[in-house]
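A.B. asks: The numbering of the sequence shown is the working numbering, which starts it at 1 and goes up by one.
Careful, some of the hints might be misleading.
[Said to hold, decoys possible] Once the Cα atoms are required to be at most 30 angstroms apart in a straight line, the calculated BS3-like pairs of lysine-lysine come out as: (1) K176 to K110; (2) K223 to K212; (3) K222 to K188.
Simulated from the structure, these hints should not be mistaken for laboratory data.
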Amino acid sequence: MANETQAQTLDETLNKTDLGHVINENKKPIMIAGVILILAIIAVSIYKNQSNQKANELLNEAYKFQSSVITPFVEGDVQSDATVKSLLNIKSEILGNPNLVPAVLEAAAKLENEGKTAEATQVLQMWLNEFNAGSQLYLFIATKLAPMYEDAGNADKAIEVYESLVAANYEVLQGKMYLELGRLYLAKGNNEKATTFLNHVVENHESTEYAKYARLYLQQIKK
1 MANETQAQTL DETLNKTDLG HVINENKKPI MIAGVILILA IIAVSIYKNQ SNQKANELLN
61 EAYKFQSSVI TPFVEGDVQS DATVKSLLNI KSEILGNPNL VPAVLEAAAK LENEGKTAEA
121 TQVLQMWLNE FNAGSQLYLF IATKLAPMYE DAGNADKAIE VYESLVAANY EVLQGKMYLE
181 LGRLYLAKGN NEKATTFLNH VVENHESTEY AKYARLYLQQ IKK
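Could you put the whole structure together from the sequences, leaning on the hints where they help?
C.D. replies: Here you go:
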């Protein structure tokens with residue numbers, strides 16, 4: 001009886017104002033909405049906790065791969081063939097992990113020094129594909145990969161990488177990218193494209209060393 005009286009008193013109090021009347025008339029929907037909100041907060045909290053756990057697991061996997069595969073190779077304790085196999089068969093969960101990029105670049109450089117440039121480019125291309133053009137990690141990998149392609153005798157792939165960098169419109173190293181494209185197209189005998197890229201260097205990066213080299217290549221074309 002006391003509970004019923006309290007409920008009636010609450011209803012009467014709420015009905016004394018317009019807002020109270022609205023609340024009183026919609027108590028059930030409001031209570032349901034409150035329950036849904038609480039459940040949503042709990043769900044978000046669980047999701048964040050699981051996401052953090054997953055991130056920690058991937059971080060541990062990346063560290064394990066670096067310490068068991070890359071570091072021993074760089075330090076000379078493991079042969080390159082075994083390392084290449086591991087790099088090319090890396091778990092998809094950690095392929096593209098930003099924490100591993102510096103180590104992968106170091107391993108690729110060592111592979112190139114050992115005369116395994118083709119394998120190094122294959123590894124770096126795998127990693128390049130994991131990042132969007134325009135990101136810093138794409139820039140880091142691409143600027144290492146393009147010269148390797150050229151050293152491996154694959155000028156077309158080098159051009160492809162440099163053109164992806166130009167299309168991404170990076171502010172840094174822009175003069176160098178255009179110069180490299182001009183030089184590579186000149187070597188292929190495509191004077192028209194070479195001139196376009198070299199002129200861009202002269203016109204937009206006049207005070208740099210790149211412009212000086214671009215002028216030399218342009219003089220070569222004119223001859």
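A.B. asks: Taking the hints in turn, state whether each one holds.
C.D. replies: We went through each hint and held it up to the structure:
{"no.": "1", "hint": "K176 to K110", "in the structure": "24 angstroms, holds"}
{"no.": "2", "hint": "K223 to K212", "in the structure": "17 angstroms, holds"}
{"no.": "3", "hint": "K222 to K188", "in the structure": "16 angstroms, holds"}
Going through the hint list in order, the structure satisfies each hint without exception.
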